[in-house]
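Enquirer: Using the sequences and the hints given, assemble the complete structure.
2 protein chains.
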Amino acid sequence: MLYLYAPQDMVRYQHALQQALPQHKVQCWPEEVAVGQVDYAVVWNPPAGFFNGMVNLQAVFVLGAGVDRILKRDDLPSTVPIVRLTDAGMAQQMLEYVLYGVLHVQRQMGQYRRQQTLRQWQALTALSAGQTRIGVLGLGEIGGWVAQSLAAMGYAVAGWSRTGRQLPGVQDYIGEAALPDLLARSDILVNLLPATPQTRGLLNAYLLSRLPSGAALINAGRGEQVDEAALLGLLDSGHLRFAMLDVFEVEPLETVHPLWSHPSVLLTPHIAAMTQVQPAVAQISANLQAIKQGQLPHGLVERERGY
Amino acid sequence: MLYLYAPQDMVRYQHALQQALPQHKVQCWPEEVAVGQVDYAVVWNPPAGFFNGMVNLQAVFVLGAGVDRILKRDDLPSTVPIVRLTDAGMAQQMLEYVLYGVLHVQRQMGQYRRQQTLRQWQALTALSAGQTRIGVLGLGEIGGWVAQSLAAMGYAVAGWSRTGRQLPGVQDYIGEAALPDLLARSDILVNLLPATPQTRGLLNAYLLSRLPSGAALINAGRGEQVDEAALLGLLDSGHLRFAMLDVFEVEPLETVHPLWSHPSVLLTPHIAAMTQVQPAVAQISANLQAIKQGQLPHGLVERERGY
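Here the protein sequences line up with chains V and Y, keeping their order.
For the first sequence, my numbering assigns the number 307 to the last residue and increments by one with no breaks.
For the second sequence, my numbering assigns the number 614 to the last residue and increments by one with no breaks.
Among these hints, one or two may not hold up.
[Unchecked claim] Partial pick of chain Y residues on the chain V-facing surface, computed with a CB cut under 8 Å:
hint, residue
1, Arg414
2, Gln423
3, Arg426
4, Ala436
5, Pro559
6, Ile578
None of these hints come from the bench; they were simulated from the model.
Built from N, CA and C at the ideal position, the CB exists for glycine as well.
Expert: Quick look at the structure:
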């Protein structure tokens, strides 16, 4: 039996999963089920105690790319394989989100918006794509796709990852020691890192101030990776001129948080890349079949690595 | 002798032209010159009477893609060939501009901006690229590049032109009779038509109201092609939900114009695609050499067609 918990679109997921996996009965939280008979769980941030008693659980499929929250749980034995989504339509959405932020900065759309409110007709100097240096942190399936697509559009892209990754048109920066150099050459820093103990708090005041004066930050990775107080300080001083933020240390962002009203901040409620039902279910059912045939699923999480 | 008039970057154009064409003396307006000895003119909107007395003029090179203004002049004999820029870095800039508007609509960035001012944390349903139907009016070098690039990014693109143009991934709509159909299937209408007598006033109240309810308009063609009063009416009624406008019936846009402060309008001062010195000069010097060798230059304007 497959047990499902999805905070949104639960019924659509149930129907799609049942259709893709007719040999499994798909049941939804909070239906009462015999927990000992749950073979597979498909979840996004289920309530505490959700996994209690699931002694026959063969695998957990996470309805997203980030597994930081599920790895912290105490109701899930460390022997149960966790499988995350590796793209499922999210890379394209992430590219769209990042591209909007890049164009907003490169084409000075914030300044034009201010001029519009003042009824000022004034052309501004724009950098070409080739003059716009973008640094992408995280070169997994999503970050790699974003970096490579921006490079194909003519931007000067460098990418940073733990172990390096050769991508067409993307300058490769490898390991922690190379991070300050990548920041120093990035007019726009795009954070797409996975949430791991190593990336937590990574973008602190010291590193953020390595960005060139007038640089911009796009954060669609995880909120915990950026020191929000340091970011606010650098935006206030003008060292950073713009931040587009989709993720925050605490979500939903607290109503009193100063980021809401900062004039240099564009803020979205964790929507950069949303899981889509059809591609997610296709990936989960393919992975479930793989596991049943004794193969490794795509997106199997290495717990010690954190993704 | 080559005589130059550029409203911006005159000195940079002079140096670049002189370097590219060492056998020609390059002089700038308002230097006094023997007008009878001007062989070539390189101009963008020169003052009235600029061409008076240029009896030996071999060709006029326009520092832009649009030639509507120069075709209306009474100081330029109709026998002098006019050569316009056909890309010169403008297609890429136009793609950037249009893409920003497309992403703004598709990813509901205007609504997120409003939510931010209200400190509302609320995810909205987003259409995928494939669900977003874009109609591009004008499939010349710029419009064709934009249509084809959007199609390559996964958008559902249809293109409209006078004579048709097969472009990969772009549905082809041909001729005036097909225009209402193209509009009826366009969630986002992108106007990139050249300014000609035929396109003047084309997007009137009747045609604009053929767009589906909730559609958006991006106009980076010419202001005279869109009935601004009709557009304002459709924005006020909510039939159109957004307009991104770079061009206007009168430029600079009059300070009292209601478009400046309309909540559904994003407005820029004719900056979507600005001529860049280096590619423009490279194209002009290549075309000048072609003319001297008796070949047809790229971008030779057909006066009766208007581009």
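Enquirer: Looking back at the numbered hints, which does the structure fail to meet, lowest number first?
Expert: none
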